[in-house]
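Top line first, the protein sequences correspond to chains A and B. Residues 1 to 599, numbered by this note's numbering, are exactly what the first sequence covers, in order. Residues 1 to 252, numbered by this note's numbering, are exactly what the second sequence covers, in order.
Heads up, a few of these hints could be off.
[What the hints assert, rightly or not] 16 Å max Cα-Cα, derived EDC-like pairs, lysine to aspartate or glutamate:
id : chain 1 : residue 1 : chain 2 : residue 2
1  : B       : K119      : A       : D110
2  : A       : K347      : B       : D218
3  : A       : K113      : B       : D133
4  : A       : K113      : B       : E132
5  : B       : K119      : A       : E103
6  : B       : K142      : A       : D110
7  : A       : K347      : B       : E132
8  : A       : K346      : B       : D135
9  : B       : K142      : A       : D147
10 : A       : K113      : B       : D135
11 : B       : K109      : A       : E101
12 : A       : K347      : B       : E83
[Claimed, not checked] Some chain A residues well away from chain B (every beta-carbon gap over 12 Å; in silico):
id : residue
13 : N61
14 : W63
15 : M158
16 : Y275
17 : T287
18 : A360
19 : D437
20 : E455
21 : A498
Hints listed in this document are in silico derivations from the structure and should not be mistaken for laboratory results. Given the structure is predicted, the values throughout are model-derived calculations rather than measurements. Glycine included, each C-beta is placed from N, C-alpha and C at the ideal position.
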Amino acid sequence: MARDWETQEHDVIVVGAGGAGLRAAIEAAAQGVSVGLICKSLLGKAHTVMAEGGIAAALGNVWPEDNWRVHFRDTMRGGKMLNNWRMAQLHAQEAPDRVLELERWGALFDRTKDGRILQRDFGGHRYARLAHVGDRTGLEMIRTLQDHAIHQGIDVHMETTVLRLLKDGDRVCGAFAYRRDRGDFVVFRAKAVVLATGGIGKAWAITSNSWEYTGDGHSLALWAGADLIDMEFVQFHPTGMVWPPSVRGILVTEGVRGDGGTLKNNLGERFMFRYIPEYFRAETADTEAEADRWYTDKTNNRRTPDLLPRDEVARAINAEVKAGRGSPHGGVFLDICARRPADYIKKRLPSMYHQFKELADVDITKDPMEVGPTCHYVMGGVRVDADSGASTVPGLFAAGEVAGGLHGSNRLGGNSLSDLLVFGRRAGFHAALYAKDRGGQLRVEPREVESLAREALEPFSRAGGENPYAIQHELQETMQRLVGIIRTESELREAIGAIERLKERAGRVRVEGEGAYNPGWHTALDLRSLLTVAECSTLAALERRESRGGHTREDYPKADPEWGKVNVVLRRKDGGIALAREPLPDLPAEFQKLLGEPS
Amino acid sequence: MPAVTLRVFRGDAAAGGFRDYRVETEPGMVVLDVVHRLQATQVTDLAVRWNCKAGKCGSCSAEINGVPRLLCMTRMNLFADGETITLAPLRAFPLIRDLVTDVSYNYEKAKQIAPLRLKPPEADGSYRMMQEDIDRIQEFHKCIECFLCQDVCHVIRDHDTKPVFAGPRFFIKLASLEMHPLDTRDRIDAIRREAGLGLCNITKCCTEVCPEHIHITDNGIIPLKERMVDEFFDPVVWLVRKLRGTPKAPAS
């Protein structure tokens with residue numbers, strides 16, 4: 001197989017073409033620089049397409065009382081105050097403009113009676129805040145961005161996977177990648193690189209994430225010398241499908257609960273009332289009667305505990321199942337047909353209706369769904385400057401799920417799509433400025449590229465060897481069993497050992513066939529990033545000896561105020577990964593006051 | 001459930017043919033699960049394109065027993081016991097390898113469609129749209145770009161019309177812009193000349209294979225054809241246009 005490569009040159013390259021990558025590319029192109037957009041899949045297929053419920057933005061169309069301060073407060077409380085406050089501020093302030101911009105680019109959100117953008121209730125949001133299109137908001141968002149982007153002079157490189165970032169001294173100068181259709185290598189030379197690669201969910205067995213989510217951007221950044229933060233915080237979405245086995249993990253939107261669905265155990269109890277944490281007690285209904293009244297009178301009643309933040313609901317479902325009160329296939333029941341008529345369900349939740357009907361033979365307008373937690377999102381990621389998305393490596397930027405900080409220890413539903421738009425735009429803008437300001441000839445070292453190409457092709461020539469799919473499968477089972485919703489020191493240590501052994505075996509992987517569109521080879525290449533993020537997440541989980549948000553330690557079940565002041569930081573050191581605890585940015589007094597207000 | 005026989009196309013543009021494989025199955029599986037099991041256990045380099053495995057991204061399009069379908073939304077219990085399941089790549093597009101085709105034709109067509117040209121906002125700077133005015137276009141926006149409709153369309157499949165024919169996916173794209181309350185372009189001329197709508201003879205094959213159940217023909221193509229007829233072949237409209245000139249901006 002050919003070890004040579006083609007070279008592409010752009011001022012800015014954006015790695016990843018979901019919501020954040022597309023928005024970054026559009027903004028960079030608008031600044032007049034040349035932009036290359038690299039997608040691991042075909043354009044328009046990135047994970048954003050699967051987002052269902054909506055985009056959180058304090059437009060105030062349904063509740064005029066809503067504003068960015070309330071959204072900021074909800075986001076910080078949802079993340080148990082571990083959020084980067086400046087990111088949470090920018091996010092809440094700019095999300096409405098980003099949503100209206102999508103509308104001007106052709107997006108058609110569901111409407112209020114007076115013709116404005118309708119907003120729906122979601123967990124942890126004080127007011128109905130999510131702009132949405134039924135339960136396929138992500139599709140509307142990615143298609144709108146895609147159709148806008150293709151007219152902005154951006155070069156799109158589809159089915160191209162970045163394997164390593166290239167550096168000239170301290171500075172990033174491009175990326176080494178391979179094209180899937182031919183199996184050929186490409187060197188992208190660039191003055192600035194934006195990572196928008198999404199998450200790491202494919203390291204777990206039960207996940208809502210698509211095949212692309214192998215932690216590529218997290219690993220590329222770490223290998224290039226950037227800091228990662230908060231990698232212990234992994235969100236298990238409370239409601240994934242649990243049956244049949246082959247669809248286990250597919251997402252069931254929080255919109256089901258936002259639109260009137262309630263969780264029940266096998267005794268028919270609405271068990272969430274038993275799991276209201278002190279932290280949210282003042283704003284949550286404590287009787288079924290009050291919760292029921294809330295659906296029609298939100299001014300005089302508190303919200304149902306079915307809509308507590310995701311970490312709370314996922315732990316509650318986990319506990320119900322462990323206590324033997326689960327559904328036949330190991331989940332709990334999610335019932336919307338008891339409250340809403342069939343027409344309403346089909347109009348508001350068409351994909352859910354379709355998905356259960358076609359994949360599970362369940363008619364959700366007549367019967368409850370069976371649901372259970374599924375690995376959904378990583379709060380942690382590349383440590384970035386809040387305003388610019390710049391990482392700690394010069395020339396390297398990150399936005400969206402691959403960046404850390406905004407969501408703290410737990411993300412609220414709806415805050416991801418808005419994150420992609422707000423920080424995608426910011427990263428694209430600042431990457432373009434950086435590329436313009438820092439000209440000069442950057443050097444790509446041919447010997448380095450040669451060695452990367454040789455390394456990538458090694459699996460074809462090894463004798464004997466391991467099956468890449470088997471290693472991937474074992475890693476997923478390991479993470480599911482030992483680094484799941486509830487963690488404990490002995491299991492985390494066991495996971496570290498298992499990952500170490502899998503890393504050794506991954507070094508002996510052998511693949512068959514040729515380079516062109518070879519999924520076995522691709523899986524072998526992905527293993528490097530998948531194992532890296534699994535290790536990062538496990539190390540950080542072992543380090544944080546408390547429970548907070550998406551990180552629950554059986555051996556340290558309470559939140560510890562001291563741990564609430566620090567991020568766990570991971571960075572490359574001497575060929576390994578070094579851990580540090582570093583203080584959060586100081587919260588200005590004006591925001592402290594805002595957060596201290598009773599709800 | 002017992003093992004099944006999958007008859008899978010293997011090969012590339014140069015050479016290829018069908019090969020049979022026995023694969024174990026379990027209850028509830030979709031065809032993509034069986035393909036993945038085949039990949040993981042027997043044919044590690046079997047090329048198949050997929051992403052979400054939830055019917056939302058439209059990547060895993062193929063021809064199953066001759067019918068264009070999504071591999072991830074086709075349940076195994078659809079087939080009779082002992083039935084051989086034949087998997088072939090989309091026939092209308094150039095083959096890359098095994099079940100993967102080069103669908104770049106569709107991306108080229110998408111680029112040729114002029115983007116939305118926005119009308120001025122309301123006095124308060126906002127845009128208002130009524131739900132009933134966007135219901136039909138929201139149906140078109142459900143499209144996941146699986147390109148099954150493009151694959152099954154005989155104008156594309158059986159005739160060499162790619163340069164002059166956009167195909168059903170892009171007819172509903174054009175319809176969604178033509179009917180968009182905020183768009184100011186007159187697209188009918190482009191729909192006739194560049195997209196080649198006249199070549200479609202409404203056999204509804206596209207509607208039949210759409211996994212999103214979009215009424216491509218009835219709600220998209222036929223209304224566009226009616227607008228085209230009104231604009232180009234109605235003698236009264238023709239005369240009015242001759243006398244007044246074309247009021248709306250052209251599409252490109």
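Comparing the hints with the structure gives:
1. Pair hint K119/B plus D110/A does not hold up; C-alpha atoms about 20 Å apart against a cutoff of 16 Å.
2. A hinted pair counts as satisfied when its Cα atoms are at most 16 Å apart, and K347/A with D218/B does not qualify at roughly 20 Å.
3. Taking the CA atoms of K113/A and D133/B, the gap is near 12 Å; set against the 16 Å cutoff, the hint holds.
4. A distance of roughly 10 Å separates the Cα atoms of K113/A and E132/B; the hinted pair therefore holds under the 16 Å criterion.
5. Proposed proximity of K119/B and E103/A is supported: the alpha carbons are some 12 Å apart, at most 16 Å.
6. In summary, the hint linking K142/B to D110/A is supported, as the alpha carbons are separated by about 13 Å, within the 16 Å threshold.
7. Restraint check for K347/A and E132/B: the C-alpha separation of about 13 Å stays at or below 16 Å, so the hint holds.
8. Restraint check: the Cα-Cα separation between K346/A and D135/B comes to about 14 Å, which is no more than 16 Å; the hinted pair holds.
9. Pair hint K142/B plus D147/A holds up; C-alpha atoms about 15 Å apart against a cutoff of 16 Å.
10. As the CA atoms of K113/A and D135/B are separated by approximately 14 Å, the hinted pair is consistent with the 16 Å bound.
11. The suggested pairing of K109/B with E101/A is violated, with an alpha-carbon distance near 25 Å, which exceeds 16 Å.
12. With a CA separation close to 37 Å, the supplied pair K347/A and E83/B exceeds the 16 Å bound.
13. Chain B draws N61/A into its interface by the beta-carbon criterion, the shortest separation being 10 Å against a cut-off of 12 Å.
14. Non-interface call for W63/A relative to chain B: holds, since the shortest CB-CB distance, roughly 17 Å, exceeds 12 Å.
15. Not every C-beta of chain B lies more than 12 Å from that of M158/A, the closest at about 8 Å, which undercuts listing it as non-interface.
16. No Cβ of chain B approaches the Cβ of Y275/A within 12 Å, the least distance being about 28 Å, so the stated non-interface status holds.
17. No Cβ of chain B approaches the Cβ of T287/A within 12 Å, the least distance being about 35 Å, so the stated non-interface status holds.
18. With a least CB separation of 8 Å from chain B, A360/A falls inside the 12 Å interface cut-off, contrary to its annotation.
19. Remark: the non-interface label on D437/A is consistent with the geometry, its nearest Cβ contact in chain B lying 31 Å away (cut-off 12 Å).
20. Separation of E455/A from chain B is adequate, the least Cβ-Cβ distance of about 19 Å exceeding the 12 Å criterion.
21. For A498/A, the non-interface assignment is confirmed: its Cβ lies about 20 Å from the closest Cβ of chain B, beyond the 12 Å cut-off.
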